[in-house]
Every structure is written in C-alpha cells, then in structure tokens.
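Take a look at the letters that make up each chain.
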Amino acid sequence: MPPAATPAFHPVLRMLHWSMAALIVSMLFIGVGMVSTAGPAYSWLLSLHRPLGVAILALALVRLPVRVWSSTPALPANLPRWQARAARGSHLLLYAGMIVMPLIGWAMVSAAGKPVKLAEGIVLPAIAPHDLTLYAMLREAHGILAYALFALILAHLAAALMHGLVRRDGVLRSMLTGNA
Amino acid sequence: MTHRRARSALPPWAAYGLIAAIVLVLLALFAFAGGWIGPSRVSGAAVSDALEYNAGRHAGYRRAHAKGLCISGTFEANGNGTALSRASIFKPGRYPVEGRFSIAGGNPLASDGRNVFHSMALILRTPDGQQWRTGMDHAEIFPVADVAAFVGLQRASRPDPATGKPDPDAMQAFLASHPEVRSFQQYMKAHPLPDAFTDGPYYSINAFRFTNAQGVTRFVRWAMLPEDPLVALDKRTLGGLPRDAVFDRTLKRLANGPARWHLIVTIADPGDITDKATVAWPAGRRTVDVGTLIIDKALPAASGGCRDEVFDPTILPPGIAPSDDPLLTARSAAYSNSFTRRASESARSILSVSAKEF
Ligand code: HEM
Ligand code: HEM
Ligand code: HEM
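Protein chains in written order, with the numbering used here: chain A, 32 to 211; chain B, 15 to 372.
The hints are simulated quantities; they were obtained by calculation from the structure and are not laboratory data.
It cannot be assumed that every hint is accurate.
Listing some non-contacts, in silico: residues in chain A with all C-beta distances to chain B over 12 Å [as the list claims (entries may be wrong)]: (1) Arg45; (2) Ser50; (3) Val63; (4) Val66; (5) Ser67; (6) Leu76; (7) Pro82; (8) Leu83; (9) Ala89; (10) Val99; (11) Ser102; (12) Arg112; (13) Lys145; (14) Leu176; (15) Met193; (16) Leu196.
Partial selection, computed: residues in chain B whose CB lies under 10 Å from chain A [what the hints assert, rightly or not]: (17) Ala29; (18) Ile36; (19) Arg55; (20) Ala60; (21) Val161; (22) Lys249; (23) Asp322.
Only some residues are given here: those of chain A computed to face chain B with a beta carbon under 7 Å [stated by the list, open to error]: (24) Phe60; (25) Gly64; (26) Leu110; (27) Trp113; (28) Gln114; (29) Ala115; (30) Arg116; (31) Gly152; (32) Thr164.
Quantities reported herein were computed from a predicted structural model and do not represent experimental measurements.
The C-beta atom is built at its ideal place from N, Cα and C for all residues, glycine as well.
Based on the sequences and whatever the hints tell you, model everything.
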C-alpha cells in the first residue's frame, strides 16, 4: 500500500465506498430474496439484480485506479500486527468480491444461454460459452461466494465499529468524514 | 496519528453490545429476506421439490415435461403482427427457430398413453439479437391459477407406488378447495388428445402484453394451430399404447416432410380476465394470423441441443411483455430452479441414457 500521506481516504474513494457498500449489501438481500420466492417479486427483483450487479462492476473499475493512484491513510501504528494483516487481507477480499461476484453472475447467465438483459432493449453480450456444466459450476459459486461475502462484510462492519466505538483511533472517521 | 476522544464515549461493554446487536440485526434481516425466518413463501426450489415428490427425481432431466424431443425449423412472418407488436419477429421474413416437443410429467420414461398436456416450447430469434421464448400446451386453460395451488396439486396427485393412482382422499380434499381444477378436468375430457405432436394445437394459456410501434398496448394470448388435421387418440385404450407412440408417430410424420402451424394472436376485449390462466376468453375475440411455423427436424433430447435451453416464458423481445398473471413469474422461478438442478446433476454424472432416449 502507498505510504500514509493523508489522514483520510480521497473523497471519491469515500463516496464510492459508501455508495458501493449500500449497493452490495442491497444486492445480497435482493439475491437471497428473489430465490426465496416464485411470486411476482422474483421477476422484478431479478430485473433489478442484473443491472445493479453490472453497475457495481463498473463502479469497482472506477474505484480501483483511484485507489491505486491516490494516497491512503495508514492504519494506526499501535495496531497489533495480526489485525493490520487481517485488515489488509480482508480489504483485498472485499475488492475481489465486488469484481468477481458480478463477473460470475454475468458469466453464469451467459452459460445458461439466457440474454443478459439490463433493461428493455439493453442486452449485454455473453462472456462465457453456452454450456450446462459451466453454468452449474458458476451458479453454485455465485451462491457460495455471496454468503462468504456477506460474512466478510459483517466482520468488516464489526471491525470498523470497533475502531470507531472502542479504539476510537480515527480509522472509521478516515472513511466517514475525512477529518481525522 | 491524531487521537481525539469523542465527547460522549460509550463504555466498552456498551460499545461491544451495540456492535453485536447491529451484526445480529443484520443477520436477522438477511434471514428474513432469504425466507429462512418469518412467513413461509413458495420458492422455485419448493416447486421443484413438489414435482420431485410427485414423479420421483430423475437426475439430469427437467422436473416437469421430462420426456421430450428437440426440434428446429423456421418462422415465416407475414407482417400482420407489426400492427400489434414492435418485436422484430413480426416483420416480414424468415427466422430460425429451435424448440422442444414434450409430454407433461416428471418421468422421462413414462408412457405416452396418458391424457395429459402435449407441449411445444420454442425460441424464436431475429438477426438483431432479439429472442422470444415460449412454452405452450395443447389446452387453452391451466388447472390452477397460482403457484401455491400448483404445489398443492403436485402433492395431492402423487401416484401411490402401490396402486399407481393418486390417493383419492388427498385428491378429493384438494378438489374441494380448488374447484377451478374441475373445469380443467372437464376440458381435458371433452377435447381430443392428438396422436402426434405434429397435428396438435398449442396455446400460450397465459396472457401477455403486445405493444406496437405507436405505443398501443393490448392484452393477447397466442396459439399455434396445425395445418395437419388432428387425429385423436382413443382415450379408452390409452393404457394399451406403445410407450413412445406419440413420439414415434411424430418422427415418422417429420420424416415425410415439414409440419406447419399458423401463429394466431387473439386480442382481449376490454374487461376480459388477463391474469388468470384458469379462465378462457369467450369466443368471438379478434384474431390475427401473424405467420407460419415450419418444423422440419427432430432430434433426441440428449443430442439435440434443447436439453441445454430453458424455455422461460418471461424472456421476451421489446414489444412483448408479461401480463400480471402470477403464473408467469412462478414459471420463470420454477424453470430456473429446475434448470439449475438438472444442470448440476448432469455436471456430476454424464447422463446415463436409457436404451431408447427421448
Ligand atoms: C455484487 C454483485 C452480486 C451479488 C452480491 C449477487 C448476489 C446474489 C445472491 C445472494 C444470489 C442468491 C444466491 C443463492 O441463494 O443461491 C444471487 C443469485 C443470482 N444472481 Fe447475483 N449477485 C451479484 C451480481 C449478479 C450479476 C451481475 C448477475 C447477472 C448479470 C447476477 C445474476 C444472478 C442470477 C441469475 C441469480 C440466480 C437466480 C435464480 O437462480 O433463479 N448476479 N446473486
Ligand atoms: C456496512 C458498513 C461498513 C462500514 C462501517 C465500513 C467501514 C470501513 C472503514 C472504516 C474503512 C477504512 C479502513 C482503513 O482505514 O483501512 C473501510 C475500508 C474498506 N471497505 Fe468498508 N465499510 C462498510 C461496508 C463495506 C462494504 C459492504 C464493502 C464492500 C464489499 C466495503 C469495502 C471496503 C474496502 C475494500 C475497504 C478498503 C479501502 C482501501 O484501503 O482501499 N466496506 N470500510
Ligand atoms: C400456463 C401454464 C404453463 C404452460 C403453458 C407450461 C408449459 C411448459 C412447457 C411447454 C414445458 C416444457 C419446456 C421444455 O420443453 O423445456 C414446461 C416445463 C416446465 N414447467 Fe411448465 N407450463 C405452465 C405452467 C407451469 C407452472 C405454473 C409451473 C410451476 C410453477 C411449471 C413448471 C414447469 C417446470 C419446472 C418445467 C421444467 C423446466 C425446465 O427444466 O426447463 N409450469 N412447462
């Protein structure tokens, strides 16, 4: 990670962090909600799920370069080594999740041979061959990784609140208001 | 590192408690969204479960309409449909079609000698990338109007392994609470059962919305009406038919040349019921012949490509949209779950093909 030149995340990163956090959490709820019902909610949630998922992928592709090229706050120096490692590792996994989840979703709809419809008249090209076995694998991965991502987000949330409420070390503020 | 104590700092125990409470509330909300807690709902998976309960689990096959035949051909649009819908498929021209004939039921080895749905499923594609998926049956109405009743019907009509017939008490109880099933039973009794797929009519059953280039939306149902004259099977001697009688006759018929259907669109009158598949529209509605379907090839289901398709009736081109019939979203969810199950089964074990496979 780049050296700690600033006390807070770049405003663009903060804006993206919170809007994407809301989107990703919504997507997890929409995902489990839609497969739980064969009622009318199934169709409208699924028609929301595809474009929101692709929007998350697009935002992640904006976010990564900004993250790489901006300087970011360092973790508190007195943070135990394992916690600093866990923080870095989990952040990498969160970044991976916001890219891999939509890609798997897109690929699995492609592998099912179904149109990747975002809105009336807007259909994305297939990014995987129409293949039953591939579909089965991707569909399973999409489900398992979604649960893993939700667990990771809960841990991330708990850790952020620990910083903000217990340690009060400015980490939460570095992502919230920026004036640490 | 700047350190600044918040003015109203929580004591640690309260902070930990608050964090735990927030995480638990999120977990509970997630469980509620996923239907693990709270009021029970019928999912696509529950439909698959009910179908498996009824017909057994046949790995790799569709949970319903398991016995089928892949088909392909052409749709010739005559242009009349453009007045009703702006979907490209209605512009005059010839468009490739792939599809599947099938017989209702979850057992791929069942005999054709049953008075149940004969079906045609199609994917119609146009060069601009639009596609129209449809699954149709040879009756104009469906036995039930919603997914909960569909699940109930599958459970009540499960054949008893000992007698091969549904438990009469369970069926009686179900019919008492779902009188609409009776009109379906009467319909099936009164209407002929085609001796092949090539001479049967196929109906969308569900209503849809057609929107034309001027933005006018109308409720419609459609039907594929065969050019071959319908030859009916004798319903009294169905039990004595060879297992694959309907499929064999279809293959023989197609070996003699293509079979044709006219795609007839029926337009609802104002006030017609458009969200109930159990109710047919009265006679005398305006109809439009929008083109001819020509089926010239049939291939076994395992090698024909239709195995890998899902005929989700909500996959539609611009200009065609679902009605508010709850069965349409139920079908979308159920077909998706059935597709996922059979895909993962055939991913695990390459289909073990019976001596004769449809
Ligand atoms: C951040 C992105 C995404 C998240 C967090 C997410 C989450 C989920 C979840 C939690 C489920 C339910 C899984 C289960 O219980 O088995 C699901 C299912 C699904 N997702 Fe996503 N998803 C994402 C992106 C996408 C994208 C981009 C697409 C397609 C373009 C997509 C298509 C689907 C489909 C088709 C299903 C299954 C529907 C069915 O089986 O009937 N997802 N997703
Ligand atoms: C739900 C409430 C959330 C809170 C309170 C929260 C809080 C925070 C905080 C305080 C940081 C800064 C950590 C540091 O200084 O290193 C952070 C970083 C991060 N968060 Fe969240 N977050 C939440 C949700 C999410 C979600 C849903 C995601 C995406 C899946 C996410 C992804 C990330 C990533 C990738 C970073 C690392 C930023 C970087 O170093 O580039 N967060 N979060
Ligand atoms: C208007 C009423 C309906 C019609 C016209 C209809 C027609 C069809 C047709 C033609 C097929 C065979 C598709 C193929 O060959 O792949 C099929 C399959 C199936 N049907 Fe229906 N159906 C109707 C209602 C329902 C309902 C209400 C349910 C359950 C909620 C249901 C569950 C299924 C399932 C699970 C399959 C297997 C799908 C697959 O694995 O690809 N159907 N249906």
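These are the hints, each one checked on the structure:
| no. | hint | result |
| --- | --- | --- |
| 1 | Arg45 | holds (17 Å) |
| 2 | Ser50 | holds (18 Å) |
| 3 | Val63 | violated (4 Å) |
| 4 | Val66 | violated (6 Å) |
| 5 | Ser67 | violated (3 Å) |
| 6 | Leu76 | violated (10 Å) |
| 7 | Pro82 | holds (16 Å) |
| 8 | Leu83 | holds (15 Å) |
| 9 | Ala89 | holds (21 Å) |
| 10 | Val99 | holds (24 Å) |
| 11 | Ser102 | holds (16 Å) |
| 12 | Arg112 | holds (17 Å) |
| 13 | Lys145 | violated (6 Å) |
| 14 | Leu176 | holds (15 Å) |
| 15 | Met193 | violated (7 Å) |
| 16 | Leu196 | violated (4 Å) |
| 17 | Ala29 | holds (4 Å) |
| 18 | Ile36 | holds (7 Å) |
| 19 | Arg55 | holds (5 Å) |
| 20 | Ala60 | holds (7 Å) |
| 21 | Val161 | holds (5 Å) |
| 22 | Lys249 | violated (33 Å) |
| 23 | Asp322 | holds (5 Å) |
| 24 | Phe60 | holds (4 Å) |
| 25 | Gly64 | holds (4 Å) |
| 26 | Leu110 | violated (10 Å) |
| 27 | Trp113 | violated (19 Å) |
| 28 | Gln114 | violated (15 Å) |
| 29 | Ala115 | violated (14 Å) |
| 30 | Arg116 | violated (19 Å) |
| 31 | Gly152 | holds (5 Å) |
| 32 | Thr164 | holds (4 Å) |
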